[in-house]
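One line per chain: the protein sequences are A and B, in this order.
full-length UniProt numbering numbers the first residue of the first sequence as 1 and each following residue consecutively.
full-length UniProt numbering numbers the first residue of the second sequence as 1 and each following residue consecutively.
To be clear, the hints were calculated from the coordinates, so they are not data collected in a lab.
A couple of the hints might just be wrong.
Using 30 angstroms as the maximum straight-line C-alpha spacing, the simulated DSSO-like pairs for lysine-lysine come out as follows [said to hold, decoys possible]:
(1) B/Lys37 / A/Lys4
(2) A/Lys42 / B/Lys300
(3) B/Lys368 / A/Lys92
(4) A/Lys4 / B/Lys162
(5) B/Lys29 / B/Lys234
(6) B/Lys300 / A/Lys92
(7) B/Lys300 / B/Lys368
(8) A/Lys149 / B/Lys108
(9) B/Lys161 / B/Lys19
(10) A/Lys149 / A/Lys42
(11) B/Lys29 / A/Lys42
(12) A/Lys4 / B/Lys172
Predicted, not measured: the structure shown is a model, and the values here were computed from it.
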Amino acid sequence: MSSKAEMLAALKSVALPEHPMPAIEIAPRLDDLIGQYEASLKACGGTLIKDNAMEALQSQVASLVAEGKQVISRVDAVAGNREVPSDPHALKDINYAVISGQLGVAENGSIWVTEDLAGIRIAPFICENLMLVLKAEDVVANMHQALAKISLDNTGFGVFIAGPSKTADIEQALVIGAHGACTLNVYLI
Amino acid sequence: MSQAQTSAGHADKADIFCKDEARVDWHSKALWLLRQKRDRAAAAVPEWEELRTLGSEIKLHTLTHLPQYLEQFEANCQKNGIIVHWAKDGDEHNRIVHEILSQHQVKKLVKSKSMLTEECHLNPYLESKGIEVIDTDLGERIIQLNKQPPSHIVVPAIHLKKEEVGQLFHEKIGTEAGASDPTYLTRAARAHLREQFLTADAGMTGVNMGIAEEGAIVVCTNEGNADMGCNLPKLTLHSMGIDKLIPNKAAASVLLRTLARNAIGQLITTYSSFYHGPKPGGEMHIIIVDNGRSEMLQDKLLAESLKCIRCGGCMNTCPVYRRSGGYSYNYFIPGPIGIAVGSKHDDTNTIPWACTLCGSCTYVCPTKVPLHNIIAYQRRLKAEAGKLPYGKAGYMPMVGKVMSSPTLLNCAMSVARFSLRYLPGSLLKPFAGAWGKYRELPKAPASSFEAWYKKNRSK
Ligand code: SF4
């Protein structure tokens, strides 16, 4: 018998009584979604830019490029100076990545970013600094709403990103910037 | 039972940890801080209790429909181009992993934290086959360099002080002598590990959730190490216990709301990644592992320990764990959940007693694992198997006899009252064993409860 058949056979009898799947009906908190989102993002260590966000992003990226920083942009209106390569290792010296998020979650400040939006899976992680663009109308209240909205069918990879990477593994001291991006700015348009 | 085994029991190992009183205080406080953060995060969610109930029910539902969901999971993974393997036990898991790695001539593997690979002893196995294994979670990397197992499932190096990490990093990765600033050390580790990510031939992770309806897995980290490890090399592997399965995305939404809040009081982990197929030109494997889980499912109470989502909340709140350290448990998962799932493997038969049965763990658990009930039950299982630890095996049957006979009990109690009143403490203390070491003996009451009750209440 294959291991699979053996394992499935062993699982045929379980001492617990059969349990139905519960209905998940939790009322979303809809007041001041943007305010909630901003507070949550801040708690995660990220920064929200909401005044003339697109212009602010464009001018910042322009000056970064002028400084010689390596910028990859997946947002049409923003011009970076590096292309998305086919080999992810080629992105090891990227300073900034500009990517659109599909939706934001007010209760925890996270943003859903997929492989197709990022161009290549490694982009939001390997860059030193991450800049995400989010439409205000795409902010939902909680994870129940968020997961109902996203589809995994058209992407091989997607990630909820909440703030810059961080760790507290040395004496519980919070350090921003572990292996992923060291800063996260969210441009709300 | 040999003395050698009993001498390494929980209380003895805790004794070693307790020698350094300042460290015990510090350890206890660090973990209590996590508990307080957890309380604040939970209190900020009005539907918290509802989420706990839902978490418990989702897990119970999946555990009682595992064959159906596992098959659905496999079929959907395959549809997404993921290669699925089944492993009855740790050995088979390790063989499968090694086979995949050797097919691809992998010399260096970068791993993100996975309690399942710890459970299977994967690292030493692969190292014996000549494969370099790099743990990439900062805490895991610290203890790997220190040649230690994790002492906590969420913060594995919680037992080490920053000066110790500084000394270790100085020796192993060349940081400045005497430097102990966490930010400096973390930056150094970032540079060191980035080099490893960029030169690894394969990446491997554990799995927080497997979603049957989607053929996808969810991996949660704060550091982004799982994603750096998996999204650079072409080959990725993911080990998943059968208990990690959930039916659909809606179920994931519930658990994603409680996991990080209950672990360290964070709203959500920085990265909650859904791997849903190999990257273009890449290869993705999932190894589904039983390793004793189906056996636990045959017992109504032990089965409930498989609801656990490994948040670590029960450890942070446990008064025994906080004061005895993760290495006193004789199992690679410490604390209440470690006792629940590891007692069977503890050959000193002592860990079910590393608990005050205060119930704090059960109270904080996001999926309502009835931890203190399971721990009490583990004691019974040990007693029934004739495996009460040294000491308890001697006096417990006597206690049972005395307690079940009113005459004997009354007689024993009046002797105790007499002794406590008239004999000196120094003579009596040794009889109180470890319990009496840091405690004063009680004052003896004037009469027995029975006599008092007869006089005052029995009308
Ligand atoms: S038993 Fe509950 S509290 Fe403990 S680690 Fe598991 S999910 Fe968390």
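Now the hints, each set against the structure:
no.: 1; hint: B/Lys37 / A/Lys4; in the structure: violated (42 angstroms)
no.: 2; hint: A/Lys42 / B/Lys300; in the structure: violated (44 angstroms)
no.: 3; hint: B/Lys368 / A/Lys92; in the structure: violated (43 angstroms)
no.: 4; hint: A/Lys4 / B/Lys162; in the structure: violated (46 angstroms)
no.: 5; hint: B/Lys29 / B/Lys234; in the structure: violated (43 angstroms)
no.: 6; hint: B/Lys300 / A/Lys92; in the structure: violated (51 angstroms)
no.: 7; hint: B/Lys300 / B/Lys368; in the structure: holds (15 angstroms)
no.: 8; hint: A/Lys149 / B/Lys108; in the structure: violated (39 angstroms)
no.: 9; hint: B/Lys161 / B/Lys19; in the structure: holds (16 angstroms)
no.: 10; hint: A/Lys149 / A/Lys42; in the structure: holds (24 angstroms)
no.: 11; hint: B/Lys29 / A/Lys42; in the structure: holds (26 angstroms)
no.: 12; hint: A/Lys4 / B/Lys172; in the structure: violated (43 angstroms)
Against the hints set out earlier in the document, violations occur for numbers 1, 2, 3, 4, 5, 6, 8, 12.
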